[in-house]
Amino acid sequence: MKIGKKSYLLMVIAIFCGGIISSFVISQFYHGNDNNFKNEHIISIAAACTEIIYAIGAGEKLVGVDQSSLNYALAGEVAFQDAPGKLGDYPKDVPNKTNVGTTSALNLELVASLEPSLVFSWEWATTANTALENLGLEVIKINPQSIAGVLNLTKTIGGLLGKSTEAEGVCSEIENRIINLTSKLENITEAEKPLVYYELAALGKTIGPGTITNEMISAAGGVNLAENESLRYPTLTSEYIVAKNPDIIVVVSYGASIAEIKSRAGWGNISAVLNDRIYQIESGWATASPRLVLGLEQLSKWFYPALW
Amino acid sequence: MNSKVKYLNQLNLNELYAKKRFKRLLTFLILIICLFLTLFFTLMVGPVNIPPHIILQILFNISPESWPPGYATIVLDIRLPRILLGGLVGSALAVAGTTMQAMFRNPMASPYILGISSGAAFGAALAFVLGLNALLGISGVTMLAFLFTLLTTYLVYTIAKGGERTSVETLLLTGIAVGAFFSALVSLLMYISGEKLSTIWFWLMGGLWASDWNKLLFITPLIILGIAALFLVSRHLNLLLMGEETALNLGLEVETFKKIIIVLASLITAAAVSVCGIIGFIGLIIPHIMRLLVGPDHRILLPSSCLVGAIFLVWVDTLARTIIAPIELPVGIITALFGAPFFLYLLRKKKKIMGW
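From first to last, the protein sequence lines stand for chains G and Z.
Going by the working numbering, the letters in the first sequence line up with residues 1 to 308, in that order.
Going by the working numbering, the letters in the second sequence line up with residues 1001 to 1356, in that order.
The hints are simulated quantities; they were obtained by calculation from the structure and are not laboratory data.
Backbone N, C-alpha and C fix where the C-beta goes; we use that ideal spot for every residue, glycine too.
Be a bit skeptical, because a hint or two may be false.
[What the hints assert, rightly or not] Computed beta-carbon distance windows for the label pairs: (1) Z/L1185 to G/A202: 21 to 29 Å; (2) G/E260 to Z/L1056: 41 to 49 Å; (3) G/A201 to Z/I1323: 25 to 33 Å.
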């Protein structure tokens, strides 16, 4: 037994020494945030920023983008037709950029190897942002939640990338198109406005107040079914939607098919189903990016086909 | 009769002990060499190919002008902390799992058995939803996950404690109930999280992608001290395996000992979980695999589980970051995908001598 005790003690001592040595090694390698990246290269892991960067014609400054920026390009050129500024280049250009992973699991090694001078990221991607800042990178955190927020962000990015004039141009294009749309809706009374149910990935999953899509629906002259819910992304029951009897159903492109919605139990008598007013919207048109103007125009055309 | 006496006479206990000790030492030596080789080889693997001699030059800072400055960042600030963190977390989970299995005398026990994974998940989800900022370079998610893991352990122990004796069955059930409660809260937070949903979801599956030196500085002392303390008491774990009453009769202060075990195992699990999310499977399977390979004696089982846990997680994490690069696969998916078949193979091959 004595032998066992001795080897035991030795093991513990060895482990403690290991601990001390490893701490020492760590402190040797730890040299804080003193990296200096002088290149003018930028990375965007926020798809909204990637689109804005393209719209203001600064796409060539991008060296890396995240997976969802690439996913937007998969929708093809149709999804970018008539987009503001130079956003039309997006679908053929973005696939050539280095994919640095997803916001929830960034490939830090690739990010570092691209030596960016600036990284655009979502405000809520806290894990990624901390990791990037610990690498000594400058991170611009964004989270626009309104049409005005997107316009402001466009100007901010324009300033950061030396494209202020282009950014102003994109903003005034968006503003003019919105003014044009609003002028068409001038004579619409509250009673005429259609009740709109906007469906995300699953039955009842919809957008509530405080989301950009909610603002878009009302700007396009509709009333969002869930505009008074307490959550930003509530899930409504099928029964409630049927009882509310929406005039129009809009479903995102990655959600259910129109045939599937029509065949749902009890949905046959909803006025949107009876009048065949169920539409599928390109998901990139209803998010915080310059393409929201395409979404606005499309929604308005569906709501008031006679005015366009 | 005659042959038996003869056999006993030939039996040299000292020689047997020496043989056993030599075998044990050899096992450790081989595992330690494996660990160092693992650390070095995985350091070379990644989206950016860096030849081994450059890696050595970077590690020991020899002729800094011969490699691009970006390489140093990749090796020293991204790969090295990630690999070291993976090793530490793998060791912590394997050791905590072995300890919990011994204490509960239950092959289903894992480091998360006291519901602490749900507590950690709740802390992390809360930090994501509140959008807590980093403090001293350590993210709010890490801090809240760590605090809630310890809080859950305290809660479970306090609720389960009844008078003189805390039965492991009550602990187990309390852990399940408290875990279910926190799981429900996590689901609630995920429901109201909006855009942050994917971030929380990814954290729940575990991953080492956001490793940095700050996290390493935070968990290294906790895990190394915790594991060392558990090594110190590994002999008593053997007693506990014989049943609590037997252990008590053999002079072990069972109640105090259980408390110590719970505190230490939870501490190292909390440290591990707080930096990399909930990586399942390692804490459950590595102890079983090692029990099949080196036997149930905790004086050997605990250190070898520690080393193999580290080796296993570092390799698995290397797969996670390269298999569909640049996209990262959650490491928990691979631990189960590769670990489960291997474990089943061992179980079938050696089921007769399974040490329970």
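In rising order, the numbers of the hints this structure does not comply with: 2
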